[in-house]
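Start from chain A and add chains W, L and Z according to the hints.
Chains as they are written, first to last, in the working numbering: chain A, 3 to 148; chain W, 3 to 148; chain L, 3 to 148; chain Z, 3 to 148.
It is worth saying that the hints were derived from the structure and are not from the lab.
Possibly wrong hints are sitting among the right ones.
A pair counts as met if it fits within one copy or between any two copies, since identical chains are not told apart.
[Stated by the list, open to error] Under the rule of at most 27 Å between Cα atoms (straight-line distance), these lysine-lysine pairs were calculated in the DSS-like manner:
#1 Lys40 <-> Lys28
#2 Lys112 <-> Lys40
#3 Lys115 <-> Lys28
#4 Lys17 <-> Lys115
#5 Lys115 <-> Lys130
There are 4 protein chains.
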Amino acid sequence: MDNNRLKLLKQYIGKPFSGSPSPFAKWLDGIVISASEKSVEFQFTVRKEMTNPVGMLHGGVISGMIDECIGVTFFVMGLEYFYPTINLNVEFFSAAQEGDTVRVQTQVVKQGKTIINIKADMLNESGKILASATSNLAVSGIKIPF
Amino acid sequence: MDNNRLKLLKQYIGKPFSGSPSPFAKWLDGIVISASEKSVEFQFTVRKEMTNPVGMLHGGVISGMIDECIGVTFFVMGLEYFYPTINLNVEFFSAAQEGDTVRVQTQVVKQGKTIINIKADMLNESGKILASATSNLAVSGIKIPF
Amino acid sequence: MDNNRLKLLKQYIGKPFSGSPSPFAKWLDGIVISASEKSVEFQFTVRKEMTNPVGMLHGGVISGMIDECIGVTFFVMGLEYFYPTINLNVEFFSAAQEGDTVRVQTQVVKQGKTIINIKADMLNESGKILASATSNLAVSGIKIPF
Amino acid sequence: MDNNRLKLLKQYIGKPFSGSPSPFAKWLDGIVISASEKSVEFQFTVRKEMTNPVGMLHGGVISGMIDECIGVTFFVMGLEYFYPTINLNVEFFSAAQEGDTVRVQTQVVKQGKTIINIKADMLNESGKILASATSNLAVSGIKIPF
Numbered sequence: 003m004d005n006n007r008l009k010l011l012k013q014y015i016g017k018p019f020s021g022s023p024s025p026f027a028k029w030l031d032g033i034v035i036s037a038s039e040k041s042v043e044f045q046f047t048v049r050k051e052m053t054n055p056v057g058m059l060h061g062g063v064i065s066g067m068i069d070e071c072i073g074v075t076f077f078v079m080g081l082e083y084f085y086p087t088i089n090l091n092v093e094f095f096s097a098a099q100e101g102d103t104v105r106v107q108t109q110v111v112k113q114g115k116t117i118i119n120i121k122a123d124m125l126n127e128s129g130k131i132l133a134s135a136t137s138n139l140a141v142s143g144i145k146i147p148f
Numbered sequence: 003m004d005n006n007r008l009k010l011l012k013q014y015i016g017k018p019f020s021g022s023p024s025p026f027a028k029w030l031d032g033i034v035i036s037a038s039e040k041s042v043e044f045q046f047t048v049r050k051e052m053t054n055p056v057g058m059l060h061g062g063v064i065s066g067m068i069d070e071c072i073g074v075t076f077f078v079m080g081l082e083y084f085y086p087t088i089n090l091n092v093e094f095f096s097a098a099q100e101g102d103t104v105r106v107q108t109q110v111v112k113q114g115k116t117i118i119n120i121k122a123d124m125l126n127e128s129g130k131i132l133a134s135a136t137s138n139l140a141v142s143g144i145k146i147p148f
Numbered sequence: 003m004d005n006n007r008l009k010l011l012k013q014y015i016g017k018p019f020s021g022s023p024s025p026f027a028k029w030l031d032g033i034v035i036s037a038s039e040k041s042v043e044f045q046f047t048v049r050k051e052m053t054n055p056v057g058m059l060h061g062g063v064i065s066g067m068i069d070e071c072i073g074v075t076f077f078v079m080g081l082e083y084f085y086p087t088i089n090l091n092v093e094f095f096s097a098a099q100e101g102d103t104v105r106v107q108t109q110v111v112k113q114g115k116t117i118i119n120i121k122a123d124m125l126n127e128s129g130k131i132l133a134s135a136t137s138n139l140a141v142s143g144i145k146i147p148f
Numbered sequence: 003m004d005n006n007r008l009k010l011l012k013q014y015i016g017k018p019f020s021g022s023p024s025p026f027a028k029w030l031d032g033i034v035i036s037a038s039e040k041s042v043e044f045q046f047t048v049r050k051e052m053t054n055p056v057g058m059l060h061g062g063v064i065s066g067m068i069d070e071c072i073g074v075t076f077f078v079m080g081l082e083y084f085y086p087t088i089n090l091n092v093e094f095f096s097a098a099q100e101g102d103t104v105r106v107q108t109q110v111v112k113q114g115k116t117i118i119n120i121k122a123d124m125l126n127e128s129g130k131i132l133a134s135a136t137s138n139l140a141v142s143g144i145k146i147p148f
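This is chain A alone, in the form it adopts within the complex (with noise of 0.2 Å):
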């Protein structure tokens, strides 16, 4: 199969995913660090707004960048169909502030016909681990038209 979303990724590597269909994921503004199909991985820098009422990355952030990092991974994946997102778990164990650039990298743990299952961490610049999350995605009888 000729993965051409996998390629397109690969074109950022070093840079801003600025090609991303995904409105949401330029907010996040993340940098592409690598990616193949079954494992991408993103870095972000960790702006005020992003920020909870004590300074560090807000839970709601690191689950946006952790689902948004997920949904990449689907995305090189190069299948046909849509998958959607049927539920999302995070954990979260460190905490990381403004001016902080933090990474997700995800794995794909099982890709079933119906169902897959994709986890992922987040590091911070020193390798700590700061969240841990698990998905799973559903098909869909909805064709990706790119």
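Okay, now just chains W, L and Z, sitting in the frame of chain A:
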């Protein structure tokens, strides 16, 4: 106890919670619908930058709205110490699109000395459930300064 | 549709579900309290072999009772194909001990073509919530032979 | 610290953990494969009474095996106070059947003062992953008497 945080939130009923100490909350720009010591309700309008590649409210933003509302619920419980979120489980049922308004309703399920469990539902304008979540928060030794 | 599986279960109301095709269900030995196409209720008695080192109902057995009741809920929905469980999230709130009876109440939250989401609560005799769970089941190509 | 509980468990390596203080553990009848302060491995044989209506290891028993192994992991951490389990998230990937042996491997992901996060995988004899789980435990004021 004089719950000043709940009083503060109630002053914003029907309006955006512009007094929120959370920068990400300002980005989400939710309107306070109701607030009590065990439950809050917020309404959000889906903006373009909150959407995914197919024009729907991004799962990461759904998670973000829910996590923020869970945080506000904790905030108005009037407790002395911070309870950081330790996990968030979100189930996605149906989609919303740009321009739609969605509501998040929370409920404290269990208030223990160490752990607080809060659940949340997201509904659309017709009252259809779009997402459902549960979250645990664990006590810390850090006093809330406001 | 003639829902023979629901009819079968209803014959056991007030009695142990001895006609269950599930060997583990027989070990759990639950009494059917009520049954409909979207919800079932079972009562279980906590036996010694179901307890943990401090004499409480083991979290693994709580999970087992809940998972079994979710399975029965699916069973009486009367569907043609199996929907294997893809995930189970259990929150533990309070304990039960040997000799106690506990009840598990389920509810179908979403019935999609691909995914069924079912939630469950476990209550004690006083109606206090002991545990809460949510589970997703995904359609398979395997017909249910009974 | 002299970790007597870890020493106790290590005496059972290669044998059933008949010295377990957990009655449900005895029902599960797992063999200790390995044990350290941050990880344990148990092997279980799937008995008839552990199966579901289609002859496969019941999801509730998978959850039970995993929860028990997470409990043992906590037990051998050698801590002074109980940390009751507050939630368990299990993802089911593949099936095992009567007569099969399955292994559960655990790992402490985070050990905080208030919260301990432990993950677990269940594998079959070929090393294929059958299920994956994550669990949070929260400190209590109750001393462990053994």
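Against the structure, the hints come out as follows:
In this homomeric assembly, lysine 40 and lysine 28 come within 27 Å of each other (Cα to Cα) only inside a single copy, at 22 Å, whereas the closest approach across copies is 35 Å. In this assembly of identical chains, the alpha carbons of lysine 112 and lysine 40 lie at most 27 Å apart whether taken from the same copy (10 Å) or from different copies (26 Å). Neither within a single protomer nor between protomers do lysine 115 and lysine 28 lie at most 27 Å apart by alpha-carbon distance, with minima of 30 Å and 32 Å respectively. For the homomeric pair lysine 17 and lysine 115, neither the shortest alpha-carbon distance inside one copy (33 Å) nor that between copies (39 Å) is at most 27 Å.
In this assembly of identical chains, lysine 115 and lysine 130 lie within 27 Å of each other by CA distance solely across copies; the values are 17 Å between and 34 Å within a copy.
Comparing the model with each numbered hint stated earlier shows that hints 3, 4 do not hold.
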